[in-house]
Amino acid sequence: MVRNLIEIGERGGEGRLGILVAWIVVAAVGFASLVAPEPHMQFQHILRLLNTNVDGKRKIQYAMTEIKGVGPRYANVVIKKADVDLFKRAGELNSDELERIVSILQNPTQFKIPHWFLNRRKDITDGKNHQVVSNQVDAKLRDDLERLKKIRAHRGLRHFWGIRVRGQHTKTTGRRGKTVGVSV
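For the record, in the sequence shown the residue sitting at position 140 is 140 according to my numbering, with numbers rising by one throughout.
Do not rely on the hints blindly, as some may be mistaken.
[To be verified] The calculated label-pair distances, taken between Cβ atoms and stated as ranges, are: (1) K81 to D138: 22 to 28 Å; (2) T125 to K80: 28 to 34 Å; (3) I163 to Q110: 38 to 44 Å; (4) N76 to R166: 25 to 31 Å; (5) T173 to F43: 43 to 49 Å; (6) W161 to N76: 17 to 23 Å; (7) Q110 to V137: 18 to 24 Å; (8) N107 to I163: 18 to 24 Å; (9) F43 to H115: 33 to 39 Å; (10) H45 to K68: 19 to 25 Å; (11) I151 to S95: 42 to 48 Å; (12) D143 to H169: 25 to 31 Å; (13) L157 to Q44: 46 to 52 Å.
[Stated by the list, open to error] Here are the computed lysine-lysine pairs in the DSSO-like style, where the Cα-Cα straight-line distance is at most 30 Å: (14) K112 to K140; (15) K171 to K128; (16) K88 to K122; (17) K57 to K80; (18) K112 to K149; (19) K122 to K112; (20) K149 to K171; (21) K80 to K59.
Bear in mind the hints are in silico, worked out from the structure with no lab data behind them. For each residue, glycine too, the CB sits at the ideal point set by N, CA and C.
Construct all of the structure, not just a fragment, from the sequences and the given hints.
Shown next, in the form of structure tokens:
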């Protein structure tokens, strides 16, 4: 079989020679894992998106989930709105595609992503819908907890005291970090 492919390649010219080499590799090894990178593209093993290191070897949908506030479904919607191939690796993206993705992540309502898809609906400060990503997640959570403590809400007090907030029992579990034992 390999001999026949070599004869076809010699008759076919240079265009078919590359395909011939690939088929010879497949015939010799038994499986096809030959991917030739385009010469003008540089593969980035680590990307920097929204103050987060993103693994370039993962597919873009799952690589974006390393950013706080971005889950797999939201990443899928953003990639589709940005017209980027879902099967690309994150390191294969060019700068234009990355800019489109970042702009959609930061301003989702301008790109017609529905408000029910966002993670911060009817914000207490301005009443608008937002998608909170990266460092904003921690800042908003801290602001919310400070507001709850300030107004002396039940949840705020439980956070302040460092005990369970959502109605769990506290007699026997959740004792780590506190004094445990019988006092004399």
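Outcome of the hint check:
1. Look at K81 against D138: about 26 Å separates their beta carbons, and that is inside 22 to 28 Å.
2. As the Cβ distance of T125 to K80 is approximately 30 Å, the hint placing it in 28 to 34 Å holds.
3. Separated by about 42 Å at the C-beta atoms, I163 and Q110 satisfy the suggested range of 38 to 44 Å.
4. Separation of N76 from R166 is about 30 Å and conforms to the stated range, judged on CB atoms against 25 to 31 Å.
5. Roughly 48 Å separates the CB atoms of T173 and F43, a value that falls within the hinted 43 to 49 Å.
6. With their beta carbons about 40 Å apart, W161 and N76 fall outside the hinted range of 17 to 23 Å.
7. Judged by the Cβ atoms, the range 18 to 24 Å given for Q110 and V137 holds: they are separated by roughly 21 Å.
8. At about 39 Å, the CB distance of N107 to I163 disagrees with the hint of 18 to 24 Å.
9. Restraint check, F43 to H115: a C-beta distance of roughly 37 Å satisfies the suggested window 33 to 39 Å.
10. Distance hint check for H45 and K68: the Cβ-Cβ separation is about 21 Å, which falls inside the suggested range of 19 to 25 Å.
11. A hinted range of 42 to 48 Å for the beta carbons of I151 and S95 is consistent with their spacing of about 46 Å.
12. The beta-carbon spacing between D143 and H169, approximately 30 Å, falls within the hinted interval of 25 to 31 Å.
13. Checked against the given bound of 46 to 52 Å, the beta carbons of L157 and Q44, roughly 47 Å apart, stay inside it.
14. Between K112 and K140 the alpha-carbon distance is near 24 Å, which keeps this suggested pair within the 30 Å criterion.
15. Taken as a hint, the K171 and K128 pair is broken in the structure, with Cα atoms around 41 Å apart against an allowance of 30 Å.
16. Taken as a hint, the K88 and K122 pair is broken in the structure, with Cα atoms around 35 Å apart against an allowance of 30 Å.
17. Straight-line distance between C-alpha atoms of K57 and K80 comes to about 20 Å, which keeps the hinted pair within the 30 Å bound.
18. The hinted pair formed by K112 and K149 fails the criterion: a straight-line CA distance of about 36 Å is larger than 30 Å.
19. Under the criterion of a C-alpha separation no larger than 30 Å, the hint pairing K122 with K112 is consistent with the structure, at around 17 Å.
20. Between K149 and K171, the direct Cα distance comes to roughly 24 Å. Compliance with the 30 Å bound is thereby established for this hinted pair.
21. Of the pairs offered as hints, the one joining K80 and K59 holds, with about 14 Å between alpha carbons and a cut-off of 30 Å not exceeded.
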